[in-house]
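J.: Given next are the chains, with one letter for each unit.
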Amino acid sequence: KNEVEQSPQNLTAQEGEFITINCSYSVGISALHWLQQHPGGGIVSLFMLSSGKKKHGRLIATINIQEKHSSLHITASHPRDSAVYICAVPSNTGNQFYFGTGTSLTVIP
Amino acid sequence: EAQVTQNPRYLITVTGKKLTVTCSQNMNHEYMSWYRQDPGLGLRQIYYSMNVEVTDKGDVPEGYKVSRKEKRNFPLILESPSPNQTSLYFCASRALYVSGLDTEAFFGQGTRLTVV
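Which chain is which? The protein sequence lines are A and B, in order.
Heads up, the first sequence is in our numbering, so the first residue is 477 and it goes up one at a time.
Heads up, the second sequence is in our numbering, so the first residue is 248 and it goes up one at a time.
Simulated from the structure, these hints should not be mistaken for laboratory data.
Glycine is no exception: its CB is placed at the ideal position from the N, C-alpha and C atoms.
Treat the hints with care, as some may be off.
Claimed, not checked - If you want the footprint, here are the derived chain B segments under chain A, 3+ residues with CB under 8 Å:
no. : segment
1   : 323-333
2   : 349-363
To be verified - Some chain B residues well away from chain A (every beta-carbon gap over 10 Å; in silico):
no. : residue
3   : N254
4   : K264
5   : N275
6   : P308
7   : K318
8   : L343
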């Protein structure tokens, strides 16, 4: 059983499209993290959120604590958004992260 | 600039030859951890450390050792590497987690290890 489930696993979009990536989790959390990993690159933290919505440029993250669900939206997608997006939640003690298996996004010009 | 630095970025080695991957952070974070990333399996935790001289096993610790002698450094040691340890490794750090108050995680650039 996976504590964190992401969908879709793979996503191809045309430049300019609105993109949504979903994350559901089964553990109680204090916050959920969205991470970005470019091909061959390191991992960058995009958002850490515990309620409501956060926005950074064209990226928007929302979370519904009651439903244990979070979404990452990308507006006006661009080829440079092509990356793997990973959601993660900490364990109750904070010693571990539970990671989703990631969503591989390709944005075609 | 806040960062987590791993070295080397790429490493090819032979079975059984001891190696160390270094990890250093400049944010005075208490918590550091190591992960491996494999296709289809995602990120899995190897070891973590809550502070100097405090380390504990994650989900996949077999074949790995760590040490935390200084707050900024958390090296990953493979005493006798085997081909099944071929993977992409990430080090991460964050301020100590307080119940109900999560902290942002910072990741290194990754080390791609191949054991032949």
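J.: Take the hints in turn and mark each one as holding or not.
T.: Hints and how they fare:
Taking a C-beta to C-beta cut-off of 8 Å, the segment 323-333 of chain B contributes 0 residues in contact with chain A, too few for the three needed, and the coverage statement is violated. Counting residues of the segment 349-363 of chain B whose C-beta lies closer than 8 Å to any C-beta of chain A gives 9; at least three are required, and the coverage claim holds. With a minimum CB-CB distance of about 13 Å to chain A, N254/B clears the 10 Å threshold, and the non-interface call stands. Non-interface call for K264/B relative to chain A: holds, since the shortest CB-CB distance, roughly 25 Å, exceeds 10 Å.
Residue placement check: N275/B keeps its beta carbon more than 10 Å from all beta carbons of chain A (closest about 17 Å). With a cut of 10 Å on Cβ distances, P308/B stays outside the contact zone with chain A, its closest approach being about 12 Å. The Cβ of K318/B lies farther than 10 Å from every Cβ of chain A, with a closest approach of about 17 Å, so its non-interface assignment holds. Separation of L343/B from chain A is inadequate, the least Cβ-Cβ distance of about 8 Å not exceeding the 10 Å criterion.
Checked against the numbered hints given earlier, this structure breaks hints 1 and 8; the rest are met.
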